[in-house]
Amino acid sequence: MNYLAGEYDVIVVGAGHAGCEAALASARLGCKTMMITISLEHIALMPCNPAIGGPAKSNLVREIDALGGEMAKNIDRSFIQIKMLNTKKGPAVRALRAQADKTSYHLKMKRVIENTENLDVRQGIVEEVLKKEGKVRGVITDTGAKYFAQAVVITSGTYLRSKVLIGLNSVSSGPQGQMPANKLSENIEELGFKIFRFETTTPPRISKKYVDFNKMKIQPESKGKMQFSFFDRIDPYPEKQIPCWLTHTTEKTHDVIKKNLEKSLLISEEIKGAGPRYCPSIEDKVIRFPEKKKHQIFLEPEGWDAQEMYVQGLYTSMPEDVQWAMLKTIPGLENLKIIRPGYAIQYDCIDATQLNLTMEARHLEGIYFAGQVNGSSGYEEAAAQGIVAGINAALKIKGKESFILKRSDAYIGVLIDDLVTKGTREPYRMLTSRSEYRLLLRQDNADLRLTEKGYQAGLVQEDNYKKFAQKKEEIENGKKFLGSITVNPNKENLEKLEELGTAPVKSPTTLAQLLKRPEINHEDLKVFNYEIINYDREIIEQVQIQIKYEGYINKQLEQIEKFNKMENRKMPANINYLEIKGLSSEAREKLTNIKPHSLGQASRISGISPADISVLMIYLEQLRRKEKMK
Amino acid sequence: MDSDTITAISTPLGEGGIGIVRLSGKDAFSIVKKVFKTKNKELKSHKLIYGKIVNPEDEKIVDEVLVSFMSAPHTYTRENIVEINCHGGIVPLRKILELCLKQGARMAERGEFTQRAFLNGRIDLTQAEAVMDIIRAKTDAGREIAVSQIEGKLYDKIKDIKEKIVGLLALVEVNLDFPEEDIEEVTVEKIKKSTKEIVAEIEEILETADDGIIFREGLKTTIIGKPNVGKSSLLNALLKEQRAIVTEIPGTTRDILEEVISIRGVPLRVIDTAGIRKTKDVVEKIGVERAEKAVRESDLVLFIVDAKVGIEEEDRTIMEMLKNKKSIFIINKIDLVDSEKVEEIIKKIDERPVIKASFKYGSGLKKLEESILNLVFKGEITPAESILINNSRQKGSLEKAKKNISEALQGIEEEIPLDLITIDLRRGWECLGEITGEALEEGILNKIFSEFCIGK
Chain F
-13 MNYLAGEYDV IVVGAGHAGC EAALASARLG CKTMMITISL EHIALMPCNP
37 AIGGPAKSNL VREIDALGGE MAKNIDRSFI QIKMLNTKKG PAVRALRAQA
87 DKTSYHLKMK RVIENTENLD VRQGIVEEVL KKEGKVRGVI TDTGAKYFAQ
137 AVVITSGTYL RSKVLIGLNS VSSGPQGQMP ANKLSENIEE LGFKIFRFET
187 TTPPRISKKY VDFNKMKIQP ESKGKMQFSF FDRIDPYPEK QIPCWLTHTT
237 EKTHDVIKKN LEKSLLISEE IKGAGPRYCP SIEDKVIRFP EKKKHQIFLE
287 PEGWDAQEMY VQGLYTSMPE DVQWAMLKTI PGLENLKIIR PGYAIQYDCI
337 DATQLNLTME ARHLEGIYFA GQVNGSSGYE EAAAQGIVAG INAALKIKGK
387 ESFILKRSDA YIGVLIDDLV TKGTREPYRM LTSRSEYRLL LRQDNADLRL
437 TEKGYQAGLV QEDNYKKFAQ KKEEIENGKK FLGSITVNPN KENLEKLEEL
487 GTAPVKSPTT LAQLLKRPEI NHEDLKVFNY EIINYDREII EQVQIQIKYE
537 GYINKQLEQI EKFNKMENRK MPANINYLEI KGLSSEAREK LTNIKPHSLG
587 QASRISGISP ADISVLMIYL EQLRRKEKMK
Chain U
1266 MDSDTITAIS TPLGEGGIGI VRLSGKDAFS IVKKVFKTKN KELKSHKLIY
1316 GKIVNPEDEK IVDEVLVSFM SAPHTYTREN IVEINCHGGI VPLRKILELC
1366 LKQGARMAER GEFTQRAFLN GRIDLTQAEA VMDIIRAKTD AGREIAVSQI
1416 EGKLYDKIKD IKEKIVGLLA LVEVNLDFPE EDIEEVTVEK IKKSTKEIVA
1466 EIEEILETAD DGIIFREGLK TTIIGKPNVG KSSLLNALLK EQRAIVTEIP
1516 GTTRDILEEV ISIRGVPLRV IDTAGIRKTK DVVEKIGVER AEKAVRESDL
1566 VLFIVDAKVG IEEEDRTIME MLKNKKSIFI INKIDLVDSE KVEEIIKKID
1616 ERPVIKASFK YGSGLKKLEE SILNLVFKGE ITPAESILIN NSRQKGSLEK
1666 AKKNISEALQ GIEEEIPLDL ITIDLRRGWE CLGEITGEAL EEGILNKIFS
1716 EFCIGK
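Chain order of the listed sequences is F and U. Residue numbering for the first sequence follows the numbering used here, starting at -13 and increasing by one per position. Residue numbering for the second sequence follows the numbering used here, starting at 1266 and increasing by one per position.
Don't read these hints as lab results, they were simulated from the structure. We treat Cβ as the ideally placed atom computed from N, Cα and C, and that holds for glycine. Watch out, some of these pointers could steer you wrong.
[What the hints assert, rightly or not] Just the calculated beta-carbon pair ranges, DEER-fashion:
| # | chain 1 | residue 1 | chain 2 | residue 2 | range |
| --- | --- | --- | --- | --- | --- |
| 1 | U | LYS1429 | F | LYS502 | 27 to 37 angstroms |
| 2 | F | GLN162 | U | ASP1269 | 49 to 59 angstroms |
| 3 | F | LEU564 | U | GLU1562 | 55 to 65 angstroms |
| 4 | F | ARG574 | U | GLU1562 | 49 to 59 angstroms |
| 5 | U | GLY1432 | F | ASN540 | 20 to 30 angstroms |
| 6 | F | ASN554 | U | GLU1450 | 38 to 48 angstroms |
| 7 | U | LYS1424 | F | GLU485 | 32 to 42 angstroms |
| 8 | U | ASP1269 | F | GLU485 | 30 to 40 angstroms |
| 9 | F | SER193 | U | GLU1450 | 49 to 59 angstroms |
Given these sequences and hints, build the entire structure.
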């Protein structure tokens, strides 16, 4: 028997990284919101690696922060190690990554959510999404509780009809022994969504007590204080951090794997879902790269005082005894004990090309999808979709214009456009190489790119916005300042330049011009009695990057200008593509299915040719003139 | 509106009296100003202005022209339009078109001027569907071109280079996106070496593209020989009409005559030189110098000796000039001597095709034609208009690709971080992609995932 348990503006189904951001965004924008999860003990759970950030992913985290989301703040509260990667490479690919205390991450996020105004949390399994007059109307749980809502955001992660595989055993289960959501999966299919079957693999966790770290290489944190959030300073900053450790597989490990291949369901039988190519199981690696005699293994602690260590690089679904045998052949793990075995998980996800760029389904008003259920992988990718879905669900209820980030705005824009326009046939991970404009979409300037947008949407708090405005002004002043100070080619200056190992100046040259030289950095300029007036590191970093790489930045701006011309040509939602003369039949079908919102988006759909785009341009112009005549 | 500047030859290709190269777009004026020299101080809109098209790279005059600058919006496309009226015929049109492409214009798609006219509100709504038909037709025509290219060497080479760039990018990208993986580390030396190779290969293609252009513009062919060996007779025989003056007095042909002839569809620009001859006659000396210059600049030389006279010192001088040149040796007037004498002459010349001929009786001409075709083209080429247009675009894309990859190389040499270098590499790839129409991103990812063992 069902009963009416409550009524909300927005209901978020799931409390993972997508769910948390969606629920927080919606509630913070003033919508009465409920987040419903299978287990309150698993809010913001990190079922796979204990880390947040890395190349492209750190950009996502800081973009979420700039928009007023929670992920950056939460990892800042709970990291045990933080590191800047790619420091020897250029600014476009530098990446922050933190190892998390998993329990702390979960608890701190749980507290934030519990204490957010307009936001209720409850435990339960959603079995059905209610529909009324072609619109979503709410949800029903397994215990018969019926909740009405104007919008439902599905962030079901890997729980839909999930199956866990270890060796030849396959059981119906969510991650870490939790309940799967089987009925919801059927219901989503009934609501007209196309379902794909994806899979991913996690490594075993082992006990720290039995590891011989003398046989491994220490992986310490970076020097200096670092954090993800642009806004709240970490206080107090952790005095000590915890290292990770590097070891490797051996030929013996590979022998064990090769001998036992038939004991893996994934390898031996045709029950494969689509797995990620960038995160293959160790079995896959050994089969595909037989010439490699060893593979790197990182041991990552799962918390400040945790005994569990995550065996990064040993993704496997081999039987437990084989896992044990494999691990023992790894230097430093001779005496190990497994705490949890590695496993593969298969799950249902939807074809995200059925969604709009707002994350709302095109064929059913009021239902939004975010996170792994859309075929993505990674906590950061999930959270990024979550915040956009949450913002849009709220804005729509409030009758405001939708919130869409373009590919030229943010990695979040690239992520959603890729999922929604191109679709994915494997778990989608964000990579810097997916972004056409990556020099502009840096992790260090996410606030400069997005805070204004987050503020306009209503999610960035007033005081944070003021801080941001001040930072922006200081950067402009810093740039002006460096452009205003001139180095004359006198004896003293020429000597200084020689000392710096750079070519002499022939005519008066500004500090800004000097900074453009590859061998000169900001610190070097100090010899010209230039005081770094009270600017903090972040300001200096921006000034330096903006001046130093101006030429390349301008190249990218030029590309964006071209891109925007196409993005700004909007396609009305009610176009009947079947009637347009001159389109190829493939184009007609794809455009009808995807209903691009702009000409630019249309051009990225696979199978749409430049000629089809020309035809669409003319068609749009026809429409415009017909409208005008009316 | 996308207002990049497009250009095309807008008169039918062929031997018309006048040809027009047209440009439309926001940079149309500035592009043409870079190549147009005129004494007129003011470039009035919608007026014909006399001047010369000059290649800014070598200051050489390409053609005398009449140019009209037409300011938006009172133009066909409602954008700035320039029309360059030049001498008809393939050579000046092509050269001017290429100069415009080099200065930043883009080759117009078929029907694109009309498309812009419509989009900018110049053409009536009822004409819109006609424009769509043109675009549709364009893709069909494009498909034909694509098919012929797939078999072509040029296409394969471009594909090859693209794969090299993708390989290079994959190596760089995998290092950028997977920093802690145990993979081949990308070194500046390695990137520099590969980038240099890529630039060199594009240059090589551009050179072959030039070969193609020579072929379509006409192969520069020079007829050379001592006075009165029958140079003008050969030209006339090939032309089959009496244009050059043919006399029995040595040294009559003072100036260089140039004629375009067609051998089985392959155009030849044949230059008849004054005889090379030791002389003190000043007027004729100029002619000899010009002949030497003509030989230097030609693609093919037809060298004639008189069978009756045999090989003399002057002929040896000429043979010396012809080392490393594609040339054909013609023994004329064989009707006047016996065959032993001819064989004697043949013994005295080094390897090159030899034709025995008597222009007076028209013998040897067919063999000469075959020999020309064999020597230069292996006899297998059929020129067509579609290839010409397409090739101009390819050349423009290749030039742009070369520019971008060269900028990447420059950046590498300045030790600019690799993530910035990829901007130029990607742009270079995209220029080549314009020729074959593929997307880059998937290519890189597939390469990364198939060749590198990643998954930390």
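Is the gap between the beta carbons of ASN554(F) and GLU1450(U) within 38 to 48 angstroms? For ASN554(F) and GLU1450(U) the Cβ distance comes to about 42 angstroms; the hint holds.
Taking the Cβ atom of LYS1429(U) and the Cβ atom of LYS502(F), is their distance within the range 27 to 37 angstroms? holds, 31 angstroms
Confirm or reject the claim that GLN162(F) and ASP1269(U) have a C-beta distance inside 49 to 59 angstroms. The hint (49 to 59 angstroms, Cβ to Cβ) holds, given that GLN162(F) and ASP1269(U) are roughly 55 angstroms apart.
Regarding SER193(F) and GLU1450(U), is the given constraint of 49 to 59 angstroms on their beta-carbon distance met? The hinted range 49 to 59 angstroms is violated for SER193(F) and GLU1450(U), with Cβ atoms some 34 angstroms apart.
Assessment of proposed distance window 30 to 40 angstroms (beta carbons of ASP1269(U), GLU485(F)): Given a distance of about 47 angstroms, which is not inside 30 to 40 angstroms, the answer is violated.
Hint check for ASN540(F) and GLY1432(U) - Cβ pair distance inside 20 to 30 angstroms: holds, 28 angstroms
Is the gap between the beta carbons of ARG574(F) and GLU1562(U) within 49 to 59 angstroms? Because 55 angstroms falls inside the window, the suggested range holds.
Is the distance from the Cβ of LEU564(F) to the Cβ of GLU1562(U) consistent with 55 to 65 angstroms? Since LEU564(F) and GLU1562(U) have Cβ atoms about 60 angstroms apart, the given range 55 to 65 angstroms holds.
Verdict for LYS1424(U), GLU485(F) (Cβ pair) under range 32 to 42 angstroms: At roughly 50 angstroms between Cβ atoms, GLU485(F) and LYS1424(U) fall outside 32 to 42 angstroms, so the hint is violated.
Checked against the numbered hints above, the structure breaks hints 7, 8, 9 and satisfies the rest.
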